[in-house]
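Chemist: Given next are the chains, with one letter for each unit.
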Amino acid sequence: MNNGNTPLIQLQEVTKVFLTDEVETHALSGIYLDIRDGEYISIAGPSGCGKSTLLSILGLLDTPSGGSYSLKGTEVANLSFPERARIRNREIGFIFQSFNLIGDLTVYENVELPLTYRGMAANDRKQAVTEALERVGMGHRAKHLPSQLSGGQQQRVAVARALAGKPAILLADEPTGNLDSRNGEAVMDLLRELHAAGATICMVTHDARFAQHADRTVHLFDGRVVEDNLVAA
Amino acid sequence: MLNDLRFALRSLLKTPAFTAIAVITVALAIGANSAVFTLVNSLLIRPLPYRDASRLVLIWEQFATMGLERIPVSAPEFLDYEKAIRSCEQIAAFDYTAFNVGGEGNPERVSGAAVSPSLFPLLGVDPIAGRTFTLDEQGEGHDDRVVISARFWKRRFNSDPGLIGRTILLNGRAFTVIGVMPATFEFPIPLFGVQGNRFAERVDIWKPIAFTKPELEARGSRSYGMIGRLRDGVSRAEAQGEISTITAEFIRSHPGNYDGGGFGATVYPLRDQIVGGMRTGLGILLGAVAFVLLIACANLATMLLARATAREREVAIRVALGAHTWRLLRQMLCESVVLALTGGAFGVLLSIWALDLLKRVGAQTIPRLSQVTVDIPVLIFTAAVAITTGVFFGLIPALASRKPELTEALKEGGRGSTSGAASNRLRSSLVAAEIALALVLLVSAGLLMKSFARLQEVSPGFNPHGVLTAELSLPSLKYPDNKAIAPFFQEIIRRLAQLPGVQAVACADILPLSGTNSDSSFDIEGKVLVKGQPSPDEEVRSVTPDYFRVLQTPLLKGRLFSNSDTSDAPLVAIINEAFAHKYFPNGDALGKRITFDDPKKNPAWTTIVGIVGNIRHRALDLDPEPEYYLPHAQSAVSSGRSGRNMILVVRSAQDPRTLAAAIRREVQTFDPDLPIARVRTFDDLVSESVAPRKLSVVLLGVFAGIALLLAAVGIYGVISYLVVQRTHEIGVRMALGAQRRDVLTLVINHALKLVGIGTAAGLVLALFATRALGALLYQIGPFDLVTFAEVALALGLMALLASYIPALRATRSDPMIALAHQQ
Ligand SMILES: Nc1ncnc2c1ncn2[C@@H]1O[C@H](COP(=O)(O)OP(=O)(O)OP(=O)(O)O)[C@@H](O)[C@H]1O
Ligand SMILES: [Mg+2]
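Residue numbers (the numbering used here), protein chains in the order written: chain X, 2 to 234; chain G, 617 to 1439.
These are calculated hints, taken from the structure and not from any lab test. Glycine included, each C-beta is placed from N, C-alpha and C at the ideal position. Fair warning: there could be bad hints in the mix.
Unchecked claim - Ranges of calculated distance between the beta carbons of each label pair, as one might list FRET restraints:
hint: 1; chain 1: X; residue 1: T26; chain 2: G; residue 2: S1045; range: 44 to 52 Å
hint: 2; chain 1: X; residue 1: E194; chain 2: G; residue 2: L945; range: 48 to 56 Å
hint: 3; chain 1: G; residue 1: G1412; chain 2: X; residue 2: G49; range: 45 to 53 Å
hint: 4; chain 1: G; residue 1: L1413; chain 2: X; residue 2: Y33; range: 28 to 36 Å
Sequences and hints are given; from them, build the entire structure.
Modeler: Here's what the structure looks like:
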């Protein structure tokens, strides 16, 4: 998988400007960032520096105002809505701070959801969902509703949902933000295991302790990358 | 309280769209209810315009075994009743008549009645000017007095007080006007249903009854209605008992007059006679508006629920700050009551306007419709309904949000979308119920409309298009010679036939679908009756030769009448197909003879010379009955009809209304004192015959439309709210790669689920409800599958449309913003 030459993700001079009430907010001002297959990156920086914005651009939830974004060698900065939805569905796995499980659906159905959008056959779905739930240790809770789970369990389900479709990259925006430290540790351990098994992860976190888990930390300030450290293994 | 009110108003004005939709919803429902309740109140509940009307009864005779019910009484019978009866304070006889009003001004024909002098005191209504009849002002030679209506007084005499005591010319004879009855006075009221006349027009002139000598000798010639006032403390059953004794005595003392027909008489409460026929229709409408109200209430409740949920945080903060439950409840109730009352006020205005429209459309054909007004009881009823609606349906959401989950509601983000599941379920059930109710209304309206459409396609047995009708009556004072009458009409017809554009002209004494009829008994040559078996009795009309050519009713066998069928020529008759089937099933009717005399005493025979097609005479939805026709020139000879009151029918190549002036001119050159009356096209006459049905179709259709609209608003509201509520979820789904159509399906599926449940429930409900329509349906069953399917489909499409807009909005949402929504 890792061919070492073309990065999985390549951002070049990416900018993002928000226009609200005729006030321009430069959330990102010229980001250069490469992410290679199998990397575990953590993004850090003060509040409002543009971490979430960067992540949503990486996840194709939002389009950059300028610059180029290539994913697996393809330019994706200016794709149409359906195209972006398709890539989100196949290549990106999201893990949110507030889990964002759908309350009306069971654990199983939540994990299954992105696979349904992909039009995967029922049998394959079943296998993928079961596998993903087993992987995060939630196989025994498949029939539960999110409200019947603890926060840590919910986030593990959210991780399962993110990886069930075997995406190219997992994006996590403060995945431990709503968890106590013990549960937070558990989720972090899970991410590290996934990484060890080959997953590419890009995570935003405030917590310096958790940032240690990653092999590389990117520091943002005022919409720019100000530091890019490879953590010594 | 005032504070609450102010707060309610302020918060309602802050959300104008919500307030407008809520007010319109309530206005439509309350408007429909207040309109129908006004109808019910005016037509069924409000006392009749007579003193102590509950004690008034109509007495009709019957020949039960012959299937003759509610038939009038004859002059000798009336006098016998009058002498014998004890259970009534008074009884009075009345008969419909018409006057050619002469003297100054245009000649015109005015509806009138001949009544016993006792009628006015019996009804307990006093004149506004002059007096009514004294008991000796009746009978031939003593009947030259009239009482007129305030309406006629104003129209023709400009309410001149000097008219009292003066004479006016009626049918060429001088009558002294002795009194004027108030504008509200009406007698007889249409639906009295006196056989042969529906009293389609209000009576403007009352003259004293004057039984003629032949009348006093003809015990079997029944043409008078009879009304009585029960004595205080006498029940209807007691009166019935007495009447039965009297009729039994009739049979005993007049053998030969009441042979074997199951003769008797029945006492009917006056009110039943008037309102009986409207009860079903109004009952159905009442049910329909109740449904509309329920739908509106459900809508209001879902809207208020959504509003309450949206305010959950506000309420939670208030409760956290120590607000009392009761205070919050009061505030919410205040809001919904303000909404309901405002809507109610608009609703009343709407109903006044709608009733006005209704009066203009249906006043001619619906008895007492002109007196329909919104009055205090209606307003009280409406206010009560509005307040109940407001309180009750404000209470549901108020109670639902009374104890907010404080910790949940106050927590930013929360744990996902579990909160509000109960109120979502409630809202969804309300909308499903709305759909079910709307479906019932739509199915009912659909069935009635189809019935009406099928009725319109029914061939009446003649072609009413292009025919003008007008009434013409020759007063006996000016035309005393019975022999001159037929030649007179012949001459008029000859002249009219020469008018440009006229294709054929004829006269008849009775027209089909006009609400009048006349029957006569006869005997068939060679058919010996078993002792006690009554002679056959069928509908009879007197017509001039071209009648069937004007009506374009086909001649099936034999010949039509011609000008040579004069009074001196052999007597002839034409029968219709039904008559031929009934009496001559072997197909040998032509040439057979009938008589109106005693067949044993060398009678005058009338020969059947032709058979014509059937005509639906009583109503389009009733099968044609046996009828026979006599030539106008002979009918005075054969059956003793005067033939003075005839209806002209003129077929024209152009729009028949354009002929009216020419016809009037032609008649006037013939006799300047002779008015022609009720000039109208045959098409109008036919459509008037179905007007009451049309009215119920239109009203039910309108209510069903309102129901559909409200249900659509309900679905739209619930789905919109759902979309807002699920913005975050939709954002998550999009982040996971949902395409727009996935989101669209998600939302629309939800709507379709509601519709599915509502439709299923509605279909079951409709199975019960449509049975009530039975009597109003024509050539369609109450469970007509096609109608059910069409309505379900239409509702489904409507739901699709109503949910499509919010669904589309959902797909436009930006996942970024959606996700930011709760983070
Ligand atoms: N939709 C938006 N419209 C306008 N401005 C926005 C929008 N989203 C983000 N911003 C602005 O862009 C800048 C970067 O925001 P972003 O959410 O990326 O910060 P962050 O680094 O994630 O902060 P935090 O650590 O607090 O989550 C901020 O100034 C923010 O106000
Ligand atoms: Mg952020």
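Chemist: Now tell me if each hint is right for this structure.
Modeler: Checked hints:
| no. | hint | in the structure |
| --- | --- | --- |
| 1 | T26(X) with S1045(G): 44 to 52 Å | holds (45 Å) |
| 2 | E194(X) with L945(G): 48 to 56 Å | holds (54 Å) |
| 3 | G1412(G) with G49(X): 45 to 53 Å | holds (50 Å) |
| 4 | L1413(G) with Y33(X): 28 to 36 Å | violated (54 Å) |
Checked against the numbered hints given earlier, this structure breaks only hint 4.
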